[in-house]
Structures are given as structure tokens and as C-alpha cells.
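Visitor: Sequence:
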Amino acid sequence: MIGPPGSGKTMLAKRTSTIMPNITLEEALEVTKIHSVAGTLPLKDGIINTHPFCNPHHTISNAALTGGGPIPQPGEISLAHQGVLFLDELPEFHRDCLEALRQPLEDGFVRISRARKSFIFPASFMLICAMNPCKCGRYHDLKSSCRCSTNEVYKYRSKISGPLLDRIDIHIEVPAARYQELTSTQPAESSAQIKERVNKARSIQRERFKEEGILCNALMSHKQVRKFCTLGKEENELLKMAMTELNFSARAYDKILKVSRTIADLAECVDIKTEHLSEAIQYRSLDRDFFV
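In this note's numbering, the protein residues as written are 1 to 292.
Please note that the accuracy of each hint is not assured.
[As the list claims (entries may be wrong)] Dumping the calculated DMTMM-like pairs for lysine to aspartate or glutamate here, alpha-carbon to alpha-carbon at most 20 Å:
(1) 159 to 181
(2) 155 to 99
(3) 240 to 275
(4) 155 to 92
(5) 143 to 181
(6) 117 to 99
(7) 240 to 279
(8) 135 to 169
(9) 240 to 169
(10) 233 to 254
(11) 14 to 212
(12) 227 to 271
(13) 14 to 271
[Unchecked claim] Ranges between beta-carbon positions, derived for each pair:
(14) 147 to 246: 39 to 47 Å
(15) 230 to 111: 29 to 37 Å
(16) 245 to 154: 40 to 48 Å
(17) 46 to 245: 24 to 32 Å
(18) 226 to 275: 15 to 23 Å
Rather than coming from a laboratory, the hints here were simulated on the basis of the structure.
Think of the CB as a built atom: it goes at the ideal place given N, C-alpha and C, for glycine as much as any other residue.
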């Protein structure tokens, strides 16, 4: 999420765990084991039955984030297993910490190697990041002038590498809230209502993948993407144009199809339609505006 200070990025991230699908018993046992090994299991709880939410400070070390120590212990990415890892002020994190996320995001686990043995910790988490568009936070703001030079903006954004950005499925801009929105008395959709839609979509996915050994669209392999994310002629032409014009990678191709499949599931639609694909493409195009 990219937006000026105070636009609600952190609040949105913290609400994510309240709309995630209900945690299964198998997932709850995995999470509980990890926190038990790390010594972070609450004494009053026998089992953790909610999705974890980890929000490390940007001064965190590589070992604390990914795991390590003389006797390797799980890091924040493992403590966030089956939950959310939120990195606020993303460009302020050490570059080596951010680059260390690339392999766990792909594989769902992290391998910590020592001279005598290697340790493998689970690390299948939802990564959410938030950042300002520039150091002062006013770039692209029509009402306030940005104080950063072009070089300063470039240097600030260049801390986020292309390979890491390519592994993030959705890129969105979060504009500053308007006065009318802040003072509106109209009731908004509650987290419980959104979670109900999410649970319906997850039920659809569970039924779809019952013979495949996975639970959701995000875990699909390339072969499964080709099987379950078939497109019509019009949708194929749209995706072809987007891949050509925006120069997306092969990884982005799979991610666009996975996201469009999820959007269709949320709409309880059997086939991926043009509007689903267009929305998924839009979520991948923001980095072209901010990072080119």
C-alpha cells in the first residue's frame, strides 16, 4: 500500500486478520507448535485459534526476521505462519532483511543453515507492506507540495527491489481520506460481513482443490493455474495486451490469474470474466507508475 501519512494504511493492515477465513484445526496446531518452540505461547491459552499478526519494527535484524541464533529459533516470518506479516514504512527496513523475504515468499518455509545441520521453519504468511510515496510523504499530493528532489524520491523508492516487488500480488494506492468520508454517518460494511464473503469464497476453493492437496488459489502451481484459471477469447486478448504493454514477468502472469480467480470466487462466478481480469491487472500496474 502506497499513500501519504495518515491515509489509513496501518489501520487497513491491522484489520486484515479480522476478515481472514476461519483458521482450521490443522493450521491452529501448526501455529501453536511454532509459538511453543519460540517460547511465545501465551500461558493461559492451550492452543492458538486465531491467525497471527506480526508487526516488527523497521530496525529489526535479519536473524530476528527470518530466524537464527546460536541455536536457531523461529523469526517473525515463522511466527506469522498462517497469518499476517505487516511491514510498515517498508523502505526503512534494512535491504538485506527485505531481500531475505524472497525465498520464503516463494517456498512457504525458510532454511537456516549452520556448520553441523540445517533447520527448516514454516513461513507461509500473508505479507502486507505500507510505505509513503516519498520521504516527506507528499509526492503526487495535489494540495501539498513535495519537498523532495527527484533524486531523493528515486533513492527512497529504489530501496524496494524489483524482484521483491514482483512477488507481491497486489499493489494499491491509498489516497488521503476526504472530510466528507471522515464525517459521514452512513454505516460501512462491517468486518463480519466481509468475512462471511471470504468464507464463502474459501469454501468454493476448498471444494475445487479437494483432489489437489491444497486449500486456496494462492497455493496453485503453474500447472494448476493452467487447469483452473482458463480464460475466454476476450479475456485472453486483454491479458495478452497487458503482458505486452506493461512488460509483466512470467511470475506476474501467474499472480494475475490467481488474483482474478479469487475475485471471481468472491463474486461467486464460475468463470473468470473481463471485469475480474481487469481488476487483477490494475492491482499489478501501480508499480509501473511509482517505480519506473
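Visitor: Can you give the numbers of the hints that this structure goes against, from lowest to highest?
Guide: 1, 6, 8, 11, 13, 14, 16, 17
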